[in-house]
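S.K.: If you read the protein sequences in the order shown, they are chains A and B. Okay, so the first sequence: first residue is 36 according to our numbering, each after it adds one. Okay, so the second sequence: first residue is 36 according to our numbering, each after it adds one.
Treat each hint with caution, since some may be false.
The list treats identical chains as one, so a pair stands whether inside a single copy or across any two.
What the hints assert, rightly or not - Straight-line Cα separation of at most 25 Å, DMTMM-like style, residue types lysine to aspartate or glutamate; simulated pairs:
#, residue 1, residue 2
1, Lys44, Glu106
2, Lys44, Glu66
3, Lys44, Glu129
4, Lys119, Glu132
Bear in mind the hints are in silico, worked out from the structure with no lab data behind them.
Protein chains: 2
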Amino acid sequence: MYIAMNRFKVVPGSEEAFEEIWRNRESRLEEMPGFVEFHLLRGPAGEDCTLYASHTVWESEAHFRAWTRSEQFRSAHRNAGANKPLYLGHPQFEGFEAVPGIRVGRAAEVGG
Amino acid sequence: MYIAMNRFKVVPGSEEAFEEIWRNRESRLEEMPGFVEFHLLRGPAGEDCTLYASHTVWESEAHFRAWTRSEQFRSAHRNAGANKPLYLGHPQFEGFEAVPGIRVGRAAEVGG
């Protein structure tokens with residue numbers, strides 16, 4: 036299991052507009068092999084920004100990499116620049132690999 | 036849905052020992068109402084550390100808060116101090132609330 040997160044520092048007062056963009060965004064993730072689930076996460080609010088993170092679960096890093104080279108990816112990011120005034124700096128990417136043999140839980144295992 | 040993450044900056048060369056601790060840790064998370072799933076995630080490796088994150092999914096923040104006040108929590112963290120030489124500084128906690136109405140995916144919705 037691989038989790039791709041992009042961290043956004045959203046300017047105070049722009050939270051609702053930022054969420055609205057994601058709510059209205061047309062997602063083609065479900066067309067992609069190995070895609071499991073996507074959420075937009077709202078994190079801690081600080082004085083100068085509120086942390087948000089896109090949180091996409093993939094079966095493997097290879098599936099994620101294939102998406103970044105796809106037409107669906109280009110289409111999803113075509114207008115991303117227009118939203119830049121809503122957050123500070125650039126989104127910060129972090130990719131995480133689930134360490135095997137440590138999972139606890141009731142949900143079905145995804146991708147070993 | 037609520038995701039509780041604790042970020043650890045693991046010292047180079049200590050990755051295997053750090054993972055081993057989590058692998059052998061007795062977890063009582065499954066006893067807790069509202070617990071969904073736990074993974075240990077391995078993130079980007081830098082020059083001075085490798086980022087790891089514990090990643091626990093709960094139905095709600097209230098369920099997570101109840102766990103932090105539980106006997107199961109105290110029991111899980113009793114020997115945590117002994118592992119401190121494996122990582123730099125203190126683990127950094129970040130709690131995330133899934134923004135409603137944005138989820139994409141095939142898995143069943145958890146906790147609305």
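S.K.: Against each hint, give a clear statement of whether it holds in the structure.
M.R.: Status of the hints after comparison with the structure:
{"no.": "1", "hint": "Lys44 - Glu106", "verdict": "neither (27 Å within a copy, 35 Å between copies)"}
{"no.": "2", "hint": "Lys44 - Glu66", "verdict": "neither (29 Å within a copy, 35 Å between copies)"}
{"no.": "3", "hint": "Lys44 - Glu129", "verdict": "both (14 Å within a copy, 14 Å between copies)"}
{"no.": "4", "hint": "Lys119 - Glu132", "verdict": "between (28 Å within a copy, 22 Å between copies)"}
Comparing the model with each earlier hint shows violations of hints 1, 2; every other hint is respected.
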